[in-house]
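**Student:** So the protein lines, in turn, are chains A and B. The first sequence maps to residues 829 to 1062 in this note's numbering. The second sequence maps to residues 88 to 262 in this note's numbering.
These aren't lab readings, by the way, just hints derived from the structure by calculation. Computed from a predicted model, the values in this text were never measured in an experiment. C-beta atoms are modelled at their ideal positions from N, C-alpha and C, and glycine is treated no differently. A portion of the hints provided could be inaccurate.
Pair ranges (Cβ atoms, derived) [as the list claims (entries may be wrong)]: (1) D844/A x V239/B: 25 to 31 Å; (2) P184/B x K857/A: 44 to 50 Å; (3) D887/A x W106/B: 47 to 53 Å; (4) A213/B x D844/A: 28 to 34 Å.
Calculated cross-link-like contacts (lysine to aspartate or glutamate; reagent style DMTMM-like; alpha-carbon spacing at most 20 Å) [claimed, not checked]: (5) K966/A x D885/A; (6) K857/A x E231/B; (7) K966/A x D1006/A; (8) K857/A x E133/B; (9) K913/A x D1006/A; (10) K966/A x E1034/A; (11) K913/A x D1047/A; (12) K857/A x D248/B; (13) K857/A x E256/B; (14) K857/A x E878/A; (15) K913/A x E835/A; (16) K913/A x E957/A.
Listed below, chain by chain, are the residues.
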Amino acid sequence: MRRYAPEPEGTHPPLDYPPYRSTELRHPKQPLVYLPQTITELTGPQLGRERVLGEHDHDLTRQHEGEPIGERIIVSGRVLDTAGKPLRGTLVEIWQANSAGRYRHVGDRWPAPLDPNFSGAGRCLTDDEGRYQFVTIKPGPYPWGNHHNAWRPAHIHFSLLGQAFAQRLVTQMYFPGDPLFEYDPIFNSVPDPAARARMVSHFSLEDTIPDWAQAYSFDIVLRGPDQTVFEEEH
Amino acid sequence: MSLTPSQTVGPFFSIGLPWPGGPYVVPEDSPGATRITGCVYDGAGEPITDSLVETWQADPEGGFGAAEFRGFGRAGREAGDGTFEIVTVKPGQVPGPDGTMQAPHIDVSVFARGMLQRCVTRIYFADEQEANDRDPVLASVPAERRATLLAVPQPGGYRFDIHLQGPGETVFFRL
């Protein structure tokens, strides 16, 4: 079985990142121990049938009686590894706030309206080309308590199982041109600006459906095999 | 192509990730089914009430990917008490590096609000001392910290607490 390449410095945020205050008591202080990639790490769950059940799992605008309020959007892209190989049949799970920036969660108490027609969760499996697609509502930004006048840029949470334990990734997708980027410690926790930019989706006129919904494209790249000789930069 | 960076799972991951079947790696009435129960603690020793634990393991014969064995568990909620419980079976031994055999173990990912990426650890079993003594990964862990990776037998299953920081900090791995 092929091992996965090491993750380059600067791509993932450090666990200890003081500007994001909640990291303070939630990061290990002891050095991490090297774990060789064995069969346990080179294999992973295939959860498809257990998690993607309903016809509207990928369409967050059709999970209730009526349509949710907000800007209807299509979010699509490919799940690939660093060698450019599409990851087929892999589970993509998303969750998000509604168009007012409010999550359907008892813990979210900021006074923005809930939308009875929006739960904010979606799931799908990638196709043979690694492609996924969701229909949803553009989430709103929202305030949080990290520091004075802190607002999160609008984002959609993404969870990827990949094909192996070593590929597991949880991330957030952002929208292009958000004025909140420069103030957000979570976005800026990614040290390498080029890596940070890879969390920002692109507006896609090509995928936009006339008179119906604008489209954003967001490719997700998971760890790929080691010994990649020719690595293409995109 | 270049990797997509990690971001925190929180807040409010419970909208999208946990599901009722998540904690059941095997159905409760499976032969040999056992419960692994624990709590995720922060550096102040407080339970992390918005943490998520995922597990991945071999089946009892040491195999991966059999259609009838999911091998995966996901447990955690927000506004909980920081505890998690996985219903599973003890995995078999699997090959390790350089022709070694690894003791029964379960790979674990820990996620929470305030964690910008997952932390990876492993559950070993305190009642597998002979296999543990020969395990190449445990051998690479400083002896005084190995106990943090051992699930301890208790009525109905095992106890495995996770300390992100502080006294008894769990061993986490770089993968």
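**Student:** Next, verify each hint and record whether it holds.
**Tutor:** Hints, one by one, checked against the model:
About 29 Å separates the C-beta atoms of D844/A and V239/B, a value consistent with the hinted range of 25 to 31 Å. Hint check: P184/B to K857/A, Cβ distance near 28 Å, so the stated range 44 to 50 Å is violated. Between D887/A and W106/B the C-beta distance comes to about 18 Å, which lies outside the given range of 47 to 53 Å. Taken as a hint, the range 28 to 34 Å holds for the pair A213/B and D844/A, whose Cβ atoms sit roughly 30 Å apart.
Between K966/A and D885/A the alpha-carbon distance is near 17 Å, which keeps this suggested pair within the 20 Å criterion. Restraint check for K857/A and E231/B: satisfied, since their Cα atoms lie roughly 16 Å apart, inside the 20 Å limit. Taken as a hint, the K966/A and D1006/A pair is honoured in the structure, with Cα atoms around 13 Å apart against an allowance of 20 Å. Between K857/A and E133/B, the direct Cα distance comes to roughly 16 Å. Compliance with the 20 Å bound is thereby established for this hinted pair.
Taking the CA atoms of K913/A and D1006/A, the gap is near 30 Å; set against the 20 Å cutoff, the hint is violated. The suggested pairing of K966/A with E1034/A holds, with an alpha-carbon distance near 18 Å, which does not exceed 20 Å. Taking the CA atoms of K913/A and D1047/A, the gap is about 12 Å. The hint holds against a cut of 20 Å. Among the hinted pairs, K857/A with D248/B is consistent with the structure: their alpha-carbon atoms are about 17 Å apart, no more than 20 Å.
The hinted pair formed by K857/A and E256/B meets the criterion: a straight-line CA distance of about 8 Å does not exceed 20 Å. A distance of roughly 37 Å separates the Cα atoms of K857/A and E878/A; the hinted pair therefore is violated under the 20 Å criterion. A threshold of 20 Å between alpha carbons decides the hint, and for K913/A with E835/A the separation of about 17 Å falls inside it, so the pair holds. Restraint check for K913/A and E957/A: satisfied, since their Cα atoms lie roughly 9 Å apart, inside the 20 Å limit.
When held up to the earlier numbered hints, the structure conflicts with 2, 3, 9, 14 and fits the remainder.
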